[in-house]
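From first to last, the protein sequence lines stand for chains A and B. The numbering of the first sequence is my numbering, which starts it at 206 and goes up by one. The numbering of the second sequence is my numbering, which starts it at 55 and goes up by one.
For the record, the hints were derived by calculation from the structure and aren't laboratory data. Fair warning: there could be bad hints in the mix.
Stated by the list, open to error - To give a feel for the contact side, a few chain A residues facing chain B, derived at Cβ under 7 Å:
#, residue
1, Ser235
2, Pro321
3, Gly330
Said to hold, decoys possible - Simulated pairs of lysine to aspartate or glutamate, EDC-like, Cα-Cα distance not exceeding 16 Å:
#, chain 1, residue 1, chain 2, residue 2
4, B, Lys289, A, Glu385
5, B, Lys175, B, Glu189
6, B, Lys299, A, Glu409
Beta carbons: idealized from backbone N, C-alpha and C, even for Gly.
These are the residues of each chain, in order.
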Amino acid sequence: MDNAGYTTLTRQSGLLREIQVLAHNVANLSTTGFRREGLVFSEFVRQLDREEEPLSMAAANAHQTYLVQGGLTMTSGTFDVAIEGEGFFRVETSEGERLTRAGHFTPNAEGELVTPDGHRVLDLGGAPVFVPADAGQITIARDGTVSADGQPLAQLGLVVPEDPSSLRRASGVLHSVDGETRPIENPVILQGFLEESNVNPISEMARLVAVQRAYESGQKFLDREDERIRNVVQTLGR
Amino acid sequence: MRALQIAATGMSAQQMRVDTVANNLANMSTTGYNARRAEFADLHYQQHTRAGTISASDGTLVPTGVQLGLGTRPASVSMQVQQGVLTATGGDLDVAIEGRGWFEVTLPDGRSGYTRDGGLKRTGDGLIVTSDGFEVAPGLTIPTEARQISINAEGEVWAYFSDRVEPERLGQLALASFTNERGLEAIGSNLFVETEASGPALQSVPGEDGMGTLRQGYLEESSVDPVRELTEMIKAQRGYEMNAKVITAADQMMAATAQVR
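Please model the entire structure based on the sequences and the hints provided.
Spelled out as structure tokens, the structure:
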């Protein structure tokens, strides 16, 4: 008898999750290399007692990372690199290799190129990139070749996961991959640029309004349902 | 309702961005100042439905699962080490570094400080010091009777006297460099000190070991680009407003929940 209420409830809790995702996207409006995330709702059908109709409920059961290109900002930093097109930089963390689009790197005290969190950046062959302290002009070519005073040092590797759906998110603008990765054919790396977050503020704000109103109408529905049941009880109880 | 806290992390991130811009703009005419930039990273993710969970009795796996992010956090506020424009001042002790390198100074507590501010001065005894009076390595003294001093690109300081034709070589100014200049700790007054992250200072002289050269009569201007800072400020302000909007929406949703009988 309370099925209408329960169905609305699944919708409401889904919307609450969605506003959390929206808040996370908006909070990361200015996070370099951040990829917008989204929830996918799907229907799940619950078989009730044999005589009754099956009940369909809404649940957020999948999660999507949108890999659309973000805008490029010029920073003129020597070790600021942005990827144009597909691909991820390879980063070594204590939990294994991770992928990232955030190219704000810097050499550490040992001269290895690291991310702001101190994870080492790996080259095409999976070795750390070493920048000598007495190097003069460092240039990073479009194909990722790092050279000091015209002498090539290493080549930044760009990879993509074999199975795009195996991409998981980790904190620190990192992604982990369950399966294999492969290097991409024609990498385009721009030195002196950083890739902005690919969150589109306008669509996030529009979605925010939609979610809020949908939630309110859900609450309104629950209200009516409550009233209806109250009436039933009163009428029958007379 | 985690959306409230998440939007709050976004607001404090934008706040920090404005603070960085404010400091950059305030230092628009500070000699040798390098613009700072705030970098952010996403916070942890909460696993609602773990990817790879079995969703049906035949062993079907959930391909992506549900991961909900918890907002943003500052990752670094680091300086963009870059060459500022050189302005001619004509001062005989105004020395700009063209290229890499830092002047080493002795701080009152005995530590070494590093600066790119080449507006040097001399004390009553003729010792070459910074504007704050800290001795510049290697501690050269200009004789009081010197008529003129000249500093060449390699940092050699020569003094000319009115009673002699040939100049006297007083010494050579030293420069230091670091593997990771962004890892230096700023202590104010254009000074930096070395940290674990910056690595030890590599002492050398101008023009050698990848060091820049010196230019007498010039000062290095601040590398702050006002146009970039202003666009950054606009973006930060709008970002702040949007996060505030999320808080309002989340609040209204909570109010709607509370009104249900």
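Here is what the structure says about each hint:
1. For Ser235/A, the suggested interface contact is upheld, since its CB lies about 6 Å from the closest CB of chain B, less than 7 Å.
2. Given hint, Pro321/A at the interface with chain B, holds; its Cβ is 4 Å from that chain's nearest Cβ, closer than 7 Å.
3. For the restraint placing Gly330/A at the interface with chain B, the shortest Cβ-Cβ distance is roughly 22 Å, beyond the 7 Å limit, so the hint is violated.
4. Distance hint between Lys289/B and Glu385/A is unfulfilled; the C-alpha atoms sit about 38 Å from each other, more than 16 Å.
5. Of the supplied pair hints, the one linking Lys175/B and Glu189/B holds, its CA atoms being roughly 10 Å apart against a limit of 16 Å.
6. The straight-line distance between the Cα atoms of Lys299/B and Glu409/A is roughly 11 Å, inside the 16 Å bound, and the hint therefore holds.
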